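Undergrad: Let the sequences and hints guide you as you build the complete structure.
First to last, the sequence lines map onto chains A and B.
End of the first sequence = 914 in the working numbering, gap-free, step of one.
End of the second sequence = 555 in the working numbering, gap-free, step of one.
Hints were generated in silico from the structure; no laboratory data involved.
Bear in mind the structure is a predicted one, so any value in this text is a computation, not a measurement.
Note that CB positions come from ideal geometry on N, CA and C, so glycine has one too.
Treat each hint with caution, since some may be false.
Label-pair distances were calculated between CB atoms; the ranges are [stated by the list, open to error]:
#1 Glu546/B to Val770/A: 46 to 54 Å
#2 Ser739/A to Val385/B: 44 to 52 Å
#3 Leu283/B to Ser739/A: 37 to 45 Å
Going by beta-carbon spacing under 8 Å, a handful of chain A positions derived as facing chain B [stated by the list, open to error]:
#4 Leu639
#5 Ile679
#6 Phe681
#7 Ser687
#8 Pro690
#9 Pro701
#10 Val704
#11 His705
Derived lysine-lysine pairs resembling DSSO-like cross-links, with alpha carbons at most 27 Å apart [said to hold, decoys possible]:
#12 Lys441/B to Lys668/A
#13 Lys588/A to Lys512/B
#14 Lys667/A to Lys519/B
#15 Lys441/B to Lys664/A
#16 Lys727/A to Lys668/A
#17 Lys501/B to Lys671/A
#18 Lys727/A to Lys716/A
#19 Lys664/A to Lys709/A
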Amino acid sequence: MATEITLETDTLLRVTGLKKYFPVRRGVFRRVVGWVKAVDDVDMFIPEGETLGLVGESGCGKTTTGRTILRLLEPTAGEVLFRSKRLGRVVDVAKIGKKELKLLRREMQIIFQDPYSSLNPRMTVGDIVGEPLIVHRMAKGKEKEEKVKELLQAVGLKPEHMRRYPHEFSGGQRQRIGIARALALNPQLIVCDEPVSALDVSIQAQVLNLLEDLQEQFHLTYLFIAHDLSVVKHISDRVAVMYLGKIVELAETEELFTHPLHPYTEALLSAVPVPDPDYEAERIILQGDVPSPVNPPSGCYFHPRCPYAQSICSEQPPEFRDFGGAHFAACHRAGELSLRGVKMQ
Amino acid sequence: MIRRLLRSRTLNHYLRDPSAVLGSFLLLVLLVGAVFAPWIAPQNPYDPKVLTLQDSLLPPIWMEGGRAPYLLGTDDQGRDILSTILYGCRTSFLVAFSVILIAGTAGSLIGLLAAYYGGVLDAVTMRLADTMFSFSTTLIAMLLLGIFKGGGIPLVILAIVLTDWVRYARTMRGSALAVKQEDYVQAARAVGASNFRIMFRHIIPNAIPPILVVAAVDFGAVVMLEATLSFLGVGVPINKPSLGMMISQGKRFIYAGKWWLVVFPGSALISIVLGVNLLADWLREEINPRLRKR
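TA: Written out as structure tokens, the structure reads:
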């Protein structure tokens, strides 16, 4: 039928032209009057074993991107190439059938942001973590119990916690339970959807360290979605910056932080607190609000708020291209501006 | 499990609330009476061999003219009022439980499917629900009675179910839609759980609480509805006991001063509904803060 799809060696996931539009309906007959362009032509790739951070303001489409990649939402367009061990070949997640998708579920998992709504309050922790095993008939009864105990210990919880209910645990512990559930099927890729945003700062560090340890232990690949740059800096190998459904910059972490190419990135970085009492922050405060994704601005989506905008910026959308050393940016003026980054410790 | 129940917060709240205890007590008394009617009723009022017209229209035993075993008096056919009430309660409970069970299960299932699959199924079932809901149950009962000449309790149940299922469908649909948005449902999908598993393991257990409250309140409403239909003559057939029918037949004797034919069945009816409503109120309170705590 179709020719064999290929992926570069060592690349686990490659996303091309991903779009997710939500229809806006009005009137008695619910006619479609517009589209919310939550994800608008996104390209990215993640090598095996690495972590790609995905940052942006609330509402920029990062969560939708994560869920669409996993096909929890149906993509409107685009390609999601994934190297599947179970199917023994590279598949386009966006287009495969239901049977294959179910097999694929074992290789891609997700950790949710809200520890309070991501666990079924009527199920015991043991049932929650063991459910993937039952769904895929990997283990039953005693065997399942053993595996669940193993998983709980791997995330730093005690085996007897199996019998308790989610409401008996703290936010940080619940996130651990969610992580244990994601690990149950031994996946290759885990989409971490703002896993620490809802936690206290001290607990954030614990959970982040856990995620890093697990990555090493189980050779995991992460798509780490967050809006906190300092968190992303710590755990990511490369970082992508999103604005209004589009990726505006993508580079290795240190490179992005020290030599940003896109004005939006520069603004985000200027807001990152620096633990140096002598450091004088010069925060760039952007004018205006984030435009509505139903009616984005012409040309470059960022131009109405960009301190460096020129006439071309409102006329033509910028191309997302490589400016050297796999540092991508979508900005007409990227090469010529010298933007301020942060010092890396 | 029993121990967990005995120590639970819920039991504590229940025992401390006087209206809940009163309501259940009322309900229990009448329920026990109804269930054990064949054994405790002094007389089987629908066995024509036992009736004596000589004993008709006797007042309650504490009034002049009254005598045993007719504790609450007799009606114009010589039937013991107390016995008839017990058998009448039987009918009321039977109809109410059946309706709640059938309408509740069917309605909830429909609402669940509509919420889960959405689209055309949702649109069609909800429009159907709106249509059925706007029919008056009395009208449907009359229609059914016209078609199936014999009448009978199953017909009454059917008539009520046809309009009652809607409230369960609507409630479940709303509840299920809300639960569907929760992350743990997304998590189950991400794991690859089947639709069936998601619906029955994740959605239903979390969407049920409002249904319980609706069912509790509905119970009283169905009891009243059955009584109303029987009162109007389109409910339970004449040869079967019904509180509504007792009131209907007895009302013409009020002006003759024979109040017990109406007052006692009426009180029984009110007690059932009152008891259920008190319990339902308590249940509604109990369910809410618990949801918030979790």
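Undergrad: Are the hints correct? Go through all of them and say.
TA: Hint-by-hint comparison with the structure:
no.	hint	verdict
1	Glu546/B to Val770/A: 46 to 54 Å	violated, 38 Å
2	Ser739/A to Val385/B: 44 to 52 Å	holds, 45 Å
3	Leu283/B to Ser739/A: 37 to 45 Å	holds, 41 Å
4	Leu639	holds, 6 Å
5	Ile679	holds, 5 Å
6	Phe681	holds, 4 Å
7	Ser687	holds, 4 Å
8	Pro690	holds, 5 Å
9	Pro701	holds, 4 Å
10	Val704	holds, 5 Å
11	His705	holds, 7 Å
12	Lys441/B to Lys668/A	holds, 23 Å
13	Lys588/A to Lys512/B	violated, 73 Å
14	Lys667/A to Lys519/B	violated, 73 Å
15	Lys441/B to Lys664/A	holds, 24 Å
16	Lys727/A to Lys668/A	violated, 36 Å
17	Lys501/B to Lys671/A	violated, 57 Å
18	Lys727/A to Lys716/A	holds, 13 Å
19	Lys664/A to Lys709/A	violated, 32 Å
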